[in-house]
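K.L.:
This is what each chain is made of:
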Amino acid sequence: SQKIEQNSEALNIQEGKTATLTCNYTNYSPAYLQWYRQDPGRGPVFLLLIRENEKEKRKERLKVTFDTTLKQSLFHITASQPADSATYLCALDDYNAGNNRKLIWGLGTSLAVNP
Amino acid sequence: GAGVSQSPRYKVAKRGQDVALRCDPISGHVSLFWYQQALGQGPEFLTYFQNEAQLDKSGLPSDRFFAERPEGSVSTLKIQRTQQEDSAVYLCASSLVWQEGHDTEAFFGQGTRLTVV
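Sequence lines, in order, name chains A and B.
Take 394 as the starting number for the first sequence in the numbering used here and just add one per residue.
Take -17 as the starting number for the second sequence in the numbering used here and just add one per residue.
If you're looking for bench data, these hints aren't it; they were derived computationally from the structure.
Be aware that a few hints might be false.
Taking lysine to aspartate or glutamate and the EDC-like style, the derived pairs with C-alpha atoms no more than 20 Å apart in a straight line are [stated by the list, open to error]:
1) B:K39 x B:E53
2) B:K39 x A:D487
3) A:K456 x B:E87
One side of the interface only, derived from the structure: several residues of chain B facing chain A at Cβ under 10 Å [to be verified]:
4) P25
5) T29
6) Y30
7) A70
8) L73
9) C74
10) S77
11) F90
12) G91
13) Q92
Where a beta carbon is used, it is the ideal one built from N, C-alpha and C, also for glycine.
Let's have the full structure, built from the sequences with the hints guiding it.
P.N.:
See the structure below:
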């Protein structure tokens, strides 16, 4: 069956360290993979999109890698801050030629950055 | 408004009651999505509109769920004869029309938390 897996355990790190979150998928061949942040009681907020032909993408302190052979994406937050504490969701963009789009989501990984 | 607006923010319904959830997307956004998010889970796709056309409703769990977007802007998700398993947060998202090679992100509302008692 089609599945997306993220770090099952919550991640606790010290301020200033790099947080690394994992997203693995099976039985998909996505053209795009997206990362979102979600705070309690709020909707997800888009962070980064990476295409199948891109190995790595950066935005400020964020870095995403995408390995279509391993079927894995890694999401890094460098110089982490307590304000980075949230749940991070990865989503595969299920786009087809009919312009019919939907996102298939993982369960999310909870990140806590301790001061 | 500047973002996607959903109302009501919270809804408590008695089992068997009908509910209607509203979504005001960002002005000019062609694409509109509804997702259902259970506690501790990722969002699950329900349905997708491009303008007023409902292009995909494969995620609607049963025929008790119905969504519309008659004028291509505001959308309503209706749930008839609510059941306890319908309790979840219902998220609406909108985006510009998909363009190959562009990072077309989806903007989410805060969601409507539905509790069926």
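K.L.:
Which hints, by number, does the structure contradict?
P.N.:
Of the numbered hints given earlier, the structure breaks just one, which is hint 7.
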